[in-house]
Amino acid sequence: MMNSDPSASDTGLSEVTMLLARVALAIAGCIAVVFLAATAVGYISTVAESGSADAKDIAIIGAIAAAMFGVAFAIWRFWPRASSGEPQLRGPGEARTRQRNRTQLIYIGFAAVIGGVIGLATGFFDEGNGSLFGGNWEQLKLPPLLAIGIAGLLLAGFLALPLYGFRMIDDYKREQNLVAFTGGCISVIAGFPVWAVLHAGGFLPPPHAFGIFAIAYVSMMLSFLYARWRL
Amino acid sequence: MKNRLKVLRAERDWSQAELAGRLDVSRQAVNAIETGKHDPSLPLAFRIARLFDMRIEEIFDDEF
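Just so you know, the sequences run in chain order H and D.
For the first sequence, numbering that gives the first Met the number 0 gives the first residue as 0, with consecutive numbering after it.
For the second sequence, numbering that gives the first Met the number 0 gives the first residue as 0, with consecutive numbering after it.
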């Protein structure tokens, strides 16, 4: 347990690190927006070529638009923190809290960069007609070495980064994240059999891997928002 | 669980961010504890008690 005041030497980041944080935030935001915009344009053009848009197409385009809005909101929200001057600190605790927030920003920026690199790589080097995040991943064709590299990045983004993040956060935020992960996990465990039964009854198309992934992801985000609101 | 965290913090003229930094938790966690939305873990309760040089039961009370 830590009970001592943090020293002045470990309370802040240098100007160079601050500059790097701002650059990382700008790059991450640009990559994320470009990736989402490219995905949206590609998907809309595919829908336009087919000549008809069903409810799934509209839902996917809506989700991409919502994600773009989310990225824009995050940049608008985080940029003042990353680019503002240094207001007077009232004590060592505030300095440590500021350092904590900066570390969190760098973590989010790094995660966004990984996501952007994955999206851009699959978009640029796809030798088929698919999309990793568009639902038609069966038609995605990648060079083997690139596929291994992207798999490594996906493991880093979906496994290593969250586990590392869990070590950084406190009990309160850990509780919120546990609620979120539980929501995502339960939605998969319940979602597949429910979907399969509804398919058997003729209500839905057969269960789809991307659909299950999307349900889990959306459920996780909704559970997190619920936890943020309620806890 | 009710607690005197906000009062103790105000007596020292500490902001939530200041207290959070001294406890090595997020500012949101301090806010949630102060408003009674979140109960701290036992290690964190001990850290809070040591920081204010008080006993845990002098800060937290589940019989309010």
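Bear in mind the hints are in silico, worked out from the structure with no lab data behind them.
Yeah, the Cβ is synthetic: ideal placement off N, Cα and C, and Gly gets one too.
The reader is advised that the hints may include incorrect statements.
Said to hold, decoys possible - Okay, the calculated bits of chain D under chain H, using three or more residues with CB under 8 Å as the criterion:
hint	segment
1	13–19
2	23–32
3	35–48
To be verified - Beta-carbon label-pair distances, calculated as ranges:
hint	chain 1	residue 1	chain 2	residue 2	range
4	D	P42	H	A71	56 to 66 Å
5	H	F191	D	I55	44 to 54 Å
6	H	F209	D	R11	18 to 28 Å
7	D	T34	H	A64	30 to 40 Å
Indices of hints not satisfied (ascending):
4 and 6
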